[in-house]
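Asks: Given next are the chains, with one letter for each unit.
Protein chains: 2
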Amino acid sequence: MLSQKARYALHALIVLAEHDGDEPMQIADVADEAGVPRKFLEQILLEFRKRGILRSQRGRAGGYLLAKAPKDISFADIIRATDGPIALAPCVSVTAYHRCEDCMDERTCEIRKVLMLARDATASVLESQSLATAVARRKRAARNA
Amino acid sequence: MLSQKARYALHALIVLAEHDGDEPMQIADVADEAGVPRKFLEQILLEFRKRGILRSQRGRAGGYLLAKAPKDISFADIIRATDGPIALAPCVSVTAYHRCEDCMDERTCEIRKVLMLARDATASVLESQSLATAVARRKRAARNA
DNA sequence: TGTAATTCCTATCGAGTCAATAGAGATTTA
DNA sequence: TAAATCTCTATTGACTCGATAGGAATTACA
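Top to bottom, those sequences are chains A and B. Residues 139 to 283, numbered by the numbering used here, are exactly what the first sequence covers, in order. Residues 139 to 283, numbered by the numbering used here, are exactly what the second sequence covers, in order.
Just to be clear, a hint being listed does not mean it is correct.
What the hints assert, rightly or not - When the alpha-carbon atoms are kept at most 25 Å apart in a straight line, the in silico DSS-like pairs for lysine-lysine are as follows:
{"hint": "1", "chain 1": "B", "residue 1": "Lys-188", "chain 2": "B", "residue 2": "Lys-177"}
{"hint": "2", "chain 1": "B", "residue 1": "Lys-277", "chain 2": "A", "residue 2": "Lys-251"}
{"hint": "3", "chain 1": "A", "residue 1": "Lys-143", "chain 2": "A", "residue 2": "Lys-177"}
{"hint": "4", "chain 1": "A", "residue 1": "Lys-251", "chain 2": "B", "residue 2": "Lys-188"}
{"hint": "5", "chain 1": "A", "residue 1": "Lys-209", "chain 2": "B", "residue 2": "Lys-251"}
{"hint": "6", "chain 1": "A", "residue 1": "Lys-251", "chain 2": "B", "residue 2": "Lys-206"}
{"hint": "7", "chain 1": "A", "residue 1": "Lys-251", "chain 2": "B", "residue 2": "Lys-143"}
{"hint": "8", "chain 1": "B", "residue 1": "Lys-209", "chain 2": "A", "residue 2": "Lys-143"}
{"hint": "9", "chain 1": "A", "residue 1": "Lys-206", "chain 2": "B", "residue 2": "Lys-143"}
{"hint": "10", "chain 1": "A", "residue 1": "Lys-277", "chain 2": "A", "residue 2": "Lys-251"}
{"hint": "11", "chain 1": "A", "residue 1": "Lys-251", "chain 2": "A", "residue 2": "Lys-206"}
{"hint": "12", "chain 1": "A", "residue 1": "Lys-143", "chain 2": "B", "residue 2": "Lys-251"}
{"hint": "13", "chain 1": "B", "residue 1": "Lys-206", "chain 2": "A", "residue 2": "Lys-277"}
Everything labelled a hint here was simulated from the structure, so no lab data went into it. Since this is a predicted model, take the numbers as computed values, not measurements.
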């Protein structure tokens with residue numbers, strides 16, 4: 139399961155992607171629209187800024203903006219930033235690989251083989267879906283309503 | 139990531155599937171072969187018995203056996219027993235569905251659509267892989283060594 | 001130049017989960 | 001009757017999670 143933090147982050151970034159102008163959007167406004175507790179959202183957005191996914195403007199009339207195009211921010215990026223690797227075990231993680239401490243032989247581990255398939259399947263979905271695809275679907279639905 | 143408990147369970151059930159006779163195998167032996175702390179394994183196996191995946195024989199010369207054919211015990215079954223749903227959110231879980239508390243409208247939620255795809259991709263791998271497929275691969279590898 | 005508005009940063013909290021251990025009870029076999 | 005084994009529940013310490021708090025730093029604007 140995703141953490142609450144990850145769900146909040148997804149909601150917030152979609153709001154920022156929809157806003158999508160040159161002016162920053164303030165935390166308080168994002169919190170309102172996304173339904174996230176304000177102070178908690180501060181921490182979340184801060185972390186995304188440190189990862190280069192968002193950028194910020196400080197001081198009065200400050201706020202947050204996407205640091206890249208919506209199509210270049212995938213669901214996988216967002217989930218990794220809040221919850222860590224997508225893989226089900228460290229030994230099959232691409233972004234945070236390390237050996238399982240108690241592993242006898244990685245090459246013959248049957249569990250690893252299956253978890254590798256699972257990782258590839260999950261990652262291929264989450265890498266292919268981005269803020270752009272989510273916003274586009276939302277706009278299309280709004281037009282047809 | 140899977141919990142340590144889930145990894146232990148996978149190892150232990152593979153050991154039981156390899157043993158695969160009519161006589162039960164004792165917890166202490168499974169613990170040794172699978173590399174799992176004995177008392178912790180007790181709890182794990184107990185839970186699998188309650189779920190009908192294992193059965194047990196009490197008293198002297200007792201132990202544990204698979205309650206079904208290895209091909210009918212999937213990786214998904216094992217992971218669900220220890221870690222809960224495979225889905226990334228309650229609203230896309232098949233085995234433990236419930237609405238996200240803060241969800242406005244489930245039909246239009248863009249996050250849900252993506253998590254649904256992810257769940258299907260992951261589950262299709264984990265449902266298709268069983269103790270039988272794991273043991274078969276292991277035996278084939280042993281023959282070719 | 002000062003003040004209000006905003007992000008930045010760190011600390012803290014309570015509740016819960018995780019991994020592991022402990023030990024007494026129930027059951028079966030020899 | 002004794003030994004071996006599974007059964008069950010409690011407990012522990014470390015850590016994580018979700019959330020809140022409050023002051024520091026920065027910027028816009030009157």
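Asks: For each hint, tell me whether it holds in the structure or not.
Replies: Results for each hint:
Straight-line distance between C-alpha atoms of Lys-188/B and Lys-177/B comes to about 17 Å, which keeps the hinted pair within the 25 Å bound. Only pairs whose Cα atoms come within 25 Å are accepted, and Lys-277/B paired with Lys-251/A is accepted, the gap being roughly 15 Å. Between the alpha carbons of Lys-143/A and Lys-177/A the distance comes to roughly 12 Å, so the proposed pair stays at or under 25 Å and holds. Straight-line distance between C-alpha atoms of Lys-251/A and Lys-188/B comes to about 28 Å, which puts the hinted pair past the 25 Å bound.
The suggested pairing of Lys-209/A with Lys-251/B holds, with an alpha-carbon distance near 17 Å, which does not exceed 25 Å. With a C-alpha separation of about 23 Å, the suggested pairing of Lys-251/A with Lys-206/B holds against the 25 Å cut-off. The straight-line distance between the Cα atoms of Lys-251/A and Lys-143/B is roughly 18 Å, inside the 25 Å bound, and the hint therefore holds. With a C-alpha separation of about 38 Å, the suggested pair Lys-209/B and Lys-143/A falls outside the 25 Å cut-off, and the hint is violated.
For the given pair, Lys-206/A sits about 39 Å from Lys-143/B by alpha-carbon distance, which is inconsistent with the 25 Å threshold. At most 25 Å may separate the alpha-carbon atoms for a hinted pair to count; Lys-277/A and Lys-251/A exceed this at roughly 40 Å. With a CA separation close to 35 Å, the supplied pair Lys-251/A and Lys-206/A exceeds the 25 Å bound. Between Lys-143/A and Lys-251/B the CA atoms are separated by roughly 19 Å; this keeps the pair inside 25 Å, and the hint holds.
Proximity of Lys-206/B to Lys-277/A is assessed by CA-CA distance (about 49 Å); at most 25 Å being required, the pair is judged violated.
Violated hints, in rising order: 4, 8, 9, 10, 11, 13; the structure is consistent with all others.
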